[in-house]
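Q: Read off the chains here:
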Amino acid sequence: MEQIRYEMIVRAKEAIAHSSTTIGNQQLLMRRSVRLPGGKYADVPSITGDTIRHKLREAAVYGTLHLMDALNDPKLSEGAVRLLFNGGGLTGKGNPGVINLERYREFVTLFPPLALFGGNTDNRSIAGQLIVDEGSLICQEMHHLMPPWVLSWCRENNEPLISHRKSVEEVQRVRMDALNSPETLKLLSDEARSRATNRLLASEKAHETGDAKLADESKSALLPRTFERIKQGELLWLGVEARVYSELERDAFNFTIACLLSNFRVGGKVGTGHGRLEFVKGMRCNFLPASGNFEPVGAELAPKVGEIYKQHVQLRREDLLSWVRSEVNS
Amino acid sequence: MEPLHVTAYLLESLSLRSPLHLDALLMWSVSIEEQRPSPIAGESLETLDIPIQRDPSNRFWLTSQSFFSVERSRSRYKNLRAPWHEQVRLGDGKVKRIDITSGIDRGMHFPYEVQYLVENRIDWWCIGDREEILRLLSRIRYLGRFRGSGKGKLDFYHRAPWTVEPCDPWDGFPVVRNGKPLRPLPPNYPGIVEPRVSYTNLEPPYWDRSKVMLCAVPDEVV
Chain C
1 MEQIRYEMIV RAKEAIAHSS TTIGNQQLLM RRSVRLPGGK YADVPSITGD
51 TIRHKLREAA VYGTLHLMDA LNDPKLSEGA VRLLFNGGGL TGKGNPGVIN
101 LERYREFVTL FPPLALFGGN TDNRSIAGQL IVDEGSLICQ EMHHLMPPWV
151 LSWCRENNEP LISHRKSVEE VQRVRMDALN SPETLKLLSD EARSRATNRL
201 LASEKAHETG DAKLADESKS ALLPRTFERI KQGELLWLGV EARVYSELER
251 DAFNFTIACL LSNFRVGGKV GTGHGRLEFV KGMRCNFLPA SGNFEPVGAE
301 LAPKVGEIYK QHVQLRREDL LSWVRSEVNS
Chain Z
1001 MEPLHVTAYL LESLSLRSPL HLDALLMWSV SIEEQRPSPI AGESLETLDI
1051 PIQRDPSNRF WLTSQSFFSV ERSRSRYKNL RAPWHEQVRL GDGKVKRIDI
1101 TSGIDRGMHF PYEVQYLVEN RIDWWCIGDR EEILRLLSRI RYLGRFRGSG
1151 KGKLDFYHRA PWTVEPCDPW DGFPVVRNGK PLRPLPPNYP GIVEPRVSYT
1201 NLEPPYWDRS KVMLCAVPDE VV
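Respectively, the protein sequence lines represent chains C and Z.
The first sequence begins at 1 in my numbering and counts up one residue at a time.
The second sequence begins at 1001 in my numbering and counts up one residue at a time.
For reference, chain Z alone in the conformation it holds in the complex (with noise of 0.2 Å):
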C-alpha cells in the first residue's frame, strides 16, 4: 500500500448530481467481476475487499472523493413511452385502457444535466495497492449517471483513460488537506477545522440514504 494520484480522463461530458467515490467505483468493479446482484437500500451489505487501505477505526476506505472543475454544463432530456402500440399487436387483449398520464405507463420527458470539465479530468487521491487498483479501474470505461446511453464515455481512444501514480503524502493524506476533509468524514476526525457538515454516507454504497450519517464534508460540491 502507498500513496497513489488517481485521474481519470473522460472523452466528452458526463453526468453527475454528487461526487464520485473510487472505492464505490472499485467496488462496483468487484462486484461485477464476481456477478452480484447490485445491493438494495437499506439492507446490510458483506463488504467487498477493494485494494484500499482502511482507516485506522475501521470506518471507511482512505481515498478522497472525486475533484474536478466544471467547465460548462448542458440540459439534455430523456423521453419514456409507454409500449402502448405494443401492447395493442402483441399483448393478450387483457388491457382495455392505458393510462399514459399517471401511474406505471406515465410518459415522461425529464430533463437532466451533462457536465463539461476542464481538462476532461477527475482526480483522487488513496493509500492502495496501485497495480491491483489499476487492474480493477480499466474494466471502468464509463462514469457517472446514464452510462448505459453513453455518457460518461472516457478517453481510450488517444491516451490510457486511468493513470494510477505514486505521489508525495501531505499531512492527513489523503482525506485531509488545510484542515479541510477530502471526503465525508466523521465530524470529530483529528484534524479537520471548521468543517461543512451534511448528511452523507461513509461507505459505498453511497446512494443509500437509509445509511446516511452527520458527516464533516468537501467544500467542493457537484
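Chain C with its partners taken away, still in its complex shape (with noise of 0.2 Å):
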C-alpha cells in the first residue's frame, strides 16, 4: 500500500464563477471561513473539495471510455451512467449483509477508478480511497494556510500575496428580451406583433403613470443580473491524496489527474468564457511518520502518463464495455 499525495498551483485562464447561493437576481462567489491568526476570521473565496472530487471522476470515466473507444457509441446502463458519474446509490435490491468480495475486486481490477473514488454497488457502500482538498486561493489571509512550497514558489516567481478582495470582482450580464428589439418584432406574425406592440405601449403608459399593477404586468423579460467571480490570473493551490495498492491503481490515479489537468474547468458560466485553470506547478509529498517533505513532481502528470493503465483497459476492452452496458445494480 502507498500513500500519493500531489499539490499543485493553478492559474485562472478564464474568470473563475464558482458560486454558492443567489439572492435575489445577485449571484455570490463560494467561500469558506477561515480563522486567521489572532483569531478573526475572514471568509476567502475557494473551490469546494466535492466540485473538484467531481471533476476528477469525470475526467477517469471520460478519459476512461476515450480509451476503449466507446464515446462514439457508449450505450451504458442506467446503473452503471449512476456509479460511474455520481458513486451510485443503494437500490435497495441485494443483501448488503453479503459481502461479495470477488465482485468487489472484479470491479475494482476491472476500473481501477471506482476503488479511488468508492461507490455504492450491490447495495454496499464502498468507502473511496481519494481525498481531494479545496481549491484555494493563494492571498493574504491564506498566508499561515500555505504549504511552505507554495510560499516559496511565490517568492521566486514575484506574486505578490494580496487581499482576497482585490481578486474577486463583480460583473453585471443583461439577458435581452427579443421582443423589445424593433427588427425582432418585424420577424412576428401580425398577431404577436400587436401583442408585443400593446405590451411595450402599456409599459410606457404604466411609467408615465407610476401605476405599479400595470407595470407589473406588462413587464419585460430582460433580466439584469450580477455575480461574483475570482479575477482570471488570479493563482489557486490545491491537493489531491489517494491510497494505493497496485501499480496500476497508482497509474490509473496518475491518469486521472492528467486527464483533469489536461482540460480543467470548475464553477459555472463554462459556455460564457469561466472556469478554465491551467497547471502551473505540481509537488509530490512523501509522507514519512508524523511529516511530509516535497519534491517536484516529475514525469508523473506528464501527457505520456498512464501507460499501465492504458494497456490494462486495451486489454480489458471487451470485459469493461460488457460491464458498463450490464445492469449494474446502483
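Don't take each hint at face value.
In silico DSS-like pairs for lysine-lysine, Cα to Cα no more than 30 Å straight-line [unchecked claim]:
hint	chain 1	residue 1	chain 2	residue 2
1	C	Lys93	Z	Lys1078
2	C	Lys205	C	Lys219
3	Z	Lys1094	C	Lys13
4	C	Lys55	C	Lys13
5	Z	Lys1078	C	Lys166
6	Z	Lys1078	C	Lys55
7	C	Lys40	Z	Lys1211
8	Z	Lys1094	C	Lys93
9	C	Lys310	C	Lys281
10	C	Lys75	Z	Lys1094
11	Z	Lys1180	C	Lys55
12	C	Lys205	C	Lys13
13	C	Lys40	C	Lys219
14	Z	Lys1078	C	Lys231
15	C	Lys269	Z	Lys1096
16	C	Lys231	C	Lys166
17	Z	Lys1180	C	Lys75
18	C	Lys269	C	Lys55
19	C	Lys269	Z	Lys1180
20	Z	Lys1094	C	Lys55
21	C	Lys205	Z	Lys1096
22	C	Lys93	Z	Lys1180
23	Z	Lys1211	Z	Lys1180
What the hints contain is simulated information worked out from the structure, not anything from laboratory work.
Bear in mind that the values here come from a model prediction, so they are computed numbers and not experimental data.
The task is to assemble the complex, starting from two chains supplied on their own in separate frames and drawing on the hints.
A: Here it is in C-alpha cells:
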C-alpha cells in the first residue's frame, strides 16, 4: 500500500464563477471561513473539494471511455451511468449483509478509478481511497495555511500575496428580451406583433402614470443580473491524495489527474468563457512518519502518463464494455 | 504499554457529529493496511489487533474519547445531482424518465456543520505502545466526516500532525477522571459517580447502532 499526495498551483486562465447561492438576481461566490492568526475570521473564496473531486471523477470516466473507444457508441446502462458519474446509490435490491468480495475485486480490478472514488453498488457502500482538498485562493489571508513550498514559489516568482478582496470582482450581465427589439418585431406574425407592441405601450403608460400593477403585468423578460467571480490570472493551490494498492491503481490515479489537468474547468458559466484553470507547478509529497516533505512533480503528470492503465484498458476492453452495458445494481 | 497523551493538530476546520475514538482511528489504520472491506452494521466483526491495552474485563480498549473545545461552527452544504445529462448522452436509451424529486435520482442540497477548534487541537489519553501508535496514526491525515472532500485536514505542513507523549497517569487513567467517564463505559464501572448515561457502543465501529448498549458517557458532547 502507498499513499501518494500531489499538490499543485493552478492559474485561472479565465475568471472563475463558482457560486454558493443566489440572492434575488445577485449570485455570490463560494467562500469558506478561515481563522486568521489573532482569532478573527475571514470568508475567503475557494473551490469546494466536492467540485474538484467530481471533476476528477468525470475526467477518469471520460478518459477511460475514450481509451475504450466507446465514446461514439457508449450505450451505458442506467446503473453504470449512476455509479460512474456520481457514485451511484443504494437501490434496496440485494443483501447488504453479504459481502461479495469476488465481485468487488472484479469491479475494482476492471475499473481501478472505482476503488479510488468509491461508490454504492450491490446495495453496499464502498469507501473511496481519494481525498481532494478544497481549492484555495493564494492570498494574504491564507498565508498561514499555505504549504511552505507554495510560499517559496510565490517569492521566487514575484507573485505578491494580496488580500482576497482584490481577487474578486462583481460583473453584470443582461439577458435581453428579444421582443423589445424593433428588428425582431418585424419577424413576428401580425397577431404576435400587435400583442408585443401593446405590451410595450402599456409598459410606457405604466411608467408615466406610476401604475405599479400595470408595470408588473407589462414588464419585459429583460433580466439584469450580477455575479461575483475570481479574477482572471489569480492563483489557487489544491491537493489530491490517494491510497493505492497496486501499480495499476497508482497509474490510474496519475492518469486521472493528467486527464483533469488537460482540461481543468470548474464552476459555472463555462459556456461563456469562465472556469478554465491551467497547471503551473506541482509537487509530490512523500510522507514520512508524522511529517512530510515535498519534491517537484516530474514525469508522473506528463502527457505520457498512464501507460500501464492504458494497456490494462486495451487488454480488458471487451470485459469493460460488457460491464458498463450490463445491469449494474447502483 | 505506557500511559500516553495523544494530540492531533488540525490545519483548518473539521466536521463531527460525535466524538472521535482513538481505538477506531487505529483500527481504521490497521484495516486499510490489510485492505479489509469496511464493516457492515449488525454483522459480527473480527477484532483487529491495535497497540492499545484492553481493559481487564476485555470489553473495551483503554483509551479516552476525543477532547476539544469548539471555537466556532459554520454551516456548509453538499449538493447531489442525478447524472441525467450523462444518462441522455451516454446511456443505452432504456431510461425514458428520471425522477429528480424522489427515489434514487433525487437531487439534494443538504447542510452540515464544520467546527473550528480552540488551538486547532484534539486530545486523547490511552495506555499503549507509543512507537506503534505513532506509526499507525501517521497514516491518518484527515479526521471526521467528509474527508474525501478535504474536511478535517491535519497540519502536516508546519509541524508534526500527531504527537504521542508519555504522561503522568491519574487515578482511573485513562478512562475515568474525578469520577467522570472519559469514554463510554459500562454504567457499573468502578470509580464513576452519577454519570450521564446514553445508548452507545463500547467498541468500534461506534456508528453501528445495532450494537448499542446503555453506557456511562462523558458530559462533553460535540
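Q: So, for every hint listed, does it hold in this structure?
A: Do the hints match the structure? See the list:
no.	hint	in the structure
1	C/Lys93 / Z/Lys1078	holds (26 Å)
2	C/Lys205 / C/Lys219	holds (12 Å)
3	Z/Lys1094 / C/Lys13	violated (40 Å)
4	C/Lys55 / C/Lys13	holds (17 Å)
5	Z/Lys1078 / C/Lys166	holds (28 Å)
6	Z/Lys1078 / C/Lys55	holds (15 Å)
7	C/Lys40 / Z/Lys1211	violated (43 Å)
8	Z/Lys1094 / C/Lys93	holds (19 Å)
9	C/Lys310 / C/Lys281	holds (25 Å)
10	C/Lys75 / Z/Lys1094	holds (9 Å)
11	Z/Lys1180 / C/Lys55	violated (48 Å)
12	C/Lys205 / C/Lys13	violated (47 Å)
13	C/Lys40 / C/Lys219	violated (46 Å)
14	Z/Lys1078 / C/Lys231	holds (25 Å)
15	C/Lys269 / Z/Lys1096	holds (28 Å)
16	C/Lys231 / C/Lys166	holds (9 Å)
17	Z/Lys1180 / C/Lys75	violated (61 Å)
18	C/Lys269 / C/Lys55	holds (15 Å)
19	C/Lys269 / Z/Lys1180	violated (56 Å)
20	Z/Lys1094 / C/Lys55	holds (26 Å)
21	C/Lys205 / Z/Lys1096	violated (48 Å)
22	C/Lys93 / Z/Lys1180	violated (45 Å)
23	Z/Lys1211 / Z/Lys1180	holds (23 Å)
Hint violations for this structure: numbers 3, 7, 11, 12, 13, 17, 19, 21, 22, all remaining hints satisfied.
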